[in-house]
Amino acid sequence: MDESPAEVDVTMSQVAAPLAIEVQEASENDAATGEVVFDLHDVNVYYGQALAVAGVSLEIYKNHITAMIGPSGCGKSTIVRSLNRMNDSVSGFRLTGECTYHGNDLYASGVDPVEVRRRIGMVFQRPNPFPKSIYDNIAWAPRILGLKENLDERVEKALRGAAIWDEVKDRLKTSALGLSGGQQQRLCIARSIAIEPDVLLLDEPCSSLDPISTASVEDLMQELKRDYTIVIVTHNMQQAARVAERTAFFSLDVSEGRRTGILVEYDETSKLFTRPTDKRTEDYVTGRFG
Amino acid sequence: MNSIAGTARLPSSRRFTDRVGDRVLFGLTALASLIAVVVIALVIYQIVHGAVPAMSKYGVGFLFHDTWNGSTIFGGGATIFGTLVTSAGALLIAAPLGIAIGLYLSQLTSPRTAAVIGPLVELLAAVPSVIIGLWGIVVLAPIMRSTIEPALHNVLGFIPLFGSPSLSGSGIFTAIVILAIMALPIIAAITRDLFLTVPSELKDGALALGATRWEMVRGVVLGSMRPGIASACILGAARALGEAIAVLQVIGFVFQAHANLFDNGSTLAATLANDATSNNTTLETASVFYLGVILLGIELLVNLAAQAIVRHYRLPSATGGPTQKIVDVSAAATALDVEM
Amino acid sequence: MASVDYSGPLTPTGNLRRRRVVDRLARGSATAAAVLAVAILLIFIYSIVQHGASVISLSFLTKNPLETFSVSGNAPVGGIGNAIVGSLLIVAIGTAIALPIGVLIALFLTEFASPRWAGPVRLALDLLYGLPSIVIALFLYGLLVVGHGQAGVYASLALAIIMVPLIARTTGESLGLVPKELRDASLALGISRWRTTVGLTIPSAFGGIVTGTVLAVARAAGETAPVLLLSSLANPTQTSGSVFSQPLNNLPYDIYNFSVEGGATNFAKAWGAALVLVTFVLVANFTARALHARSRRMMSR
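Protein sequence lines, in the order shown, are assigned to chains A, B and C.
The C-terminal position of the first sequence is numbered 316 in this note's numbering, with every residue numbered one higher than the one before it.
The C-terminal position of the second sequence is numbered 373 in this note's numbering, with every residue numbered one higher than the one before it.
The C-terminal position of the third sequence is numbered 317 in this note's numbering, with every residue numbered one higher than the one before it.
Only chain A is shown next, with the shape it has when bound in the complex (with noise of 0.2 Å):
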């Protein structure tokens, strides 16, 4: 019952890639007239009663690398991990203020978690294979979504988005977990694009690489974002400045006895890194804080 659509996606995607470009040069020129993906306003995370994070408003523009930066604890991931609902299961969580995406309420009453992970992607910290094969680690999840038309095809796109078919596509059956660290995660990264989500959300995706490694996950970002919105959490402020157009710079509110995270600086990262509005930023990004 699903396959005719799958059928479609292929056909539509070769289409798109052109339009992708156009809107990814137009977006450079004018950051701020890019589509607004993910809208925040105010948002505030608890888990149980603690307040983790407070007061988060930011807009995350389409086919942009927006980058979170800051000391650990600041509640950067956490609110990545909000973005497409991964904090679910962490018992105690609860979010309030708006949080959008494409203009929908991500934590109305009606939204399907599954549904919105399925459009949002994430890559996590440690890569994360199964332990089954390259090609079943691609497979799997369009396979439970009923994409199953052309499947080999679909492995393929997703490993050479991912910029590893070359260096896979000759032991496709063998186990992911004999993969480098470098290619494993750029393994969950062709994973994540094989079902085509909207957004990727890359959670200190290198912190656990090498230099090399890094490197050619920092490329295939570049590549990736044409076709992608991307927001990765990194602690690696140079990364941040390689790769992203926005930088949010995010901090711990000590006072008053509690731990929260706060959004300090959020703007074009040229201007965040060289004339910061913020004290705390300024002390961040020139390396006397944290």
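Read the hints as simulated data drawn from the structure, not as lab findings.
Since this is a predicted model, take the numbers as computed values, not measurements.
Accuracy of the hints is not assured; some may be wrong.
To spell it out: a stretch of chain A is covered by chain B in this simulated footprint if at least three of its residues, at any positions, have a beta carbon under 8 Å from a beta carbon of chain B; those stretches are [what the hints assert, rightly or not]:
(1) 139-145
(2) 156-170
(3) 213-219
The beta carbon of each residue, even a glycine, is placed where N, CA and C say it ideally should be.
Given the coordinates of chain A, work out where chains B and C should sit on it, guided by the hints.
Chains B and C only, in chain A's frame:
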């Protein structure tokens, strides 16, 4: 050797007691461990030794011969058959239910709920089998006779397994249900422990791809845990294979092999309990021990197999059994609760 | 670019509606299985209380089977006093044997044994754990009862064999939780190994030892196969004294015997004895759980 630094300052009498104390402590612990090894060896020796007269008289044919006439001719066929049928039947019921409970406790409910339900499931394993047998006689058997067996016979009667219902409610099928109840908490607790070891990164990875929780469970949890599930089922079967008392209470003990599950029967363990003390003749006693050899062999084999699987796949030890592990697991489940 | 209109409402698209049904069915089945297991436990407890509560009286708990008394209009029954005493004696002696051996084995495995020696000992423990109690009973039957006749203490031996792996395992687990630094610090101070073990390691693992013992006692108290083969031909009036030379009546055997003899009076007595036994087992399990939680808290501090 570990007291070199201190020896110079210690009075010689203290040094002497220390040396003797160390040796005594080591000797005692080694002796206790030796006892455990010797007991296992003695168990095997004693039971084989007791069976020798019957083994030399009947040989391997004993395994297939199904006459046990009480004074002259003895064969283990019927009891072996009964053991296999009851254990297989119990496993058929308990395995899917137990694995489902393991999944429920580890993946599908909150740690808070699991911390309540898990211990209750484990308590089921703590109910003495003789009480379950009593319940089987007084409560379950009448229901089997009046409702369940006739219903199954009416629907599935064309299969020889579901023949005419028993008159008393006791029989092989009642034994299967009782054994399933006993194996259930074991399989549930072991698989729960097993499933809790699936890294949350893998589960997050599946969920982040737009999988439902059940698809995540099927793809990542069940998929990667097949050997452990097998070993849990083997240990559940081991429980059913070895249960003597409750089976004896509800099976309507009789030596016969037949297809009808609603008829009476016997198992190895139940025969040991029933016939060991009735020792009419030396040959009968030896034949009972021969059955003991077979049961012991099956149990050793089954336990070693479960352990081999656990070791080969480096799974968390599954041989701890529910009553011992319970506590640790509910603590683990509580630890999953994120503290922030 | 894909089959999904990303800006559409965040409700199921594609095959998700069908997958949601499967998801709900699967989760519902798993929940039902868990509910079933808990329901079985509650039905057991309900049955035992329903049938057993009316039988319980001071006379029932203290008199022996031949001292009959009447229960609220029913036929006169005898008590289970001697069975309670017998069970207490048999289990107590079994525990007295199993506790030191179990703890010593755990000490051997954690403090002394090289992997070469630990392997066979662990294997022996695992195999002992996996032995059906009827096999242990048959072993002692062949070793002791043939030739000497039954005795309560033989049943104690069988229970000890059942309890040792349980106690050794829990003790081993809690010994493993005693920080190695603590022991090393003591040894580095020149304190000998046995003083360190007796004065430091064992007290630190005390909670685990007690937990394991209580669980093992709960398990042993309900074991029926050993008492059936080793201590079942008791003189019904006998209450104590000769545990080393004669079989003693006991709770599991009483329940077994009454249940297979059948008839309203026997079933009533079986349920009464079952209520006593199951109360003990459940209280012991809850106690063990509470002790475990407590010692864990103290360890983590």
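Looking at the structure, which of the earlier hints fail to hold?
none
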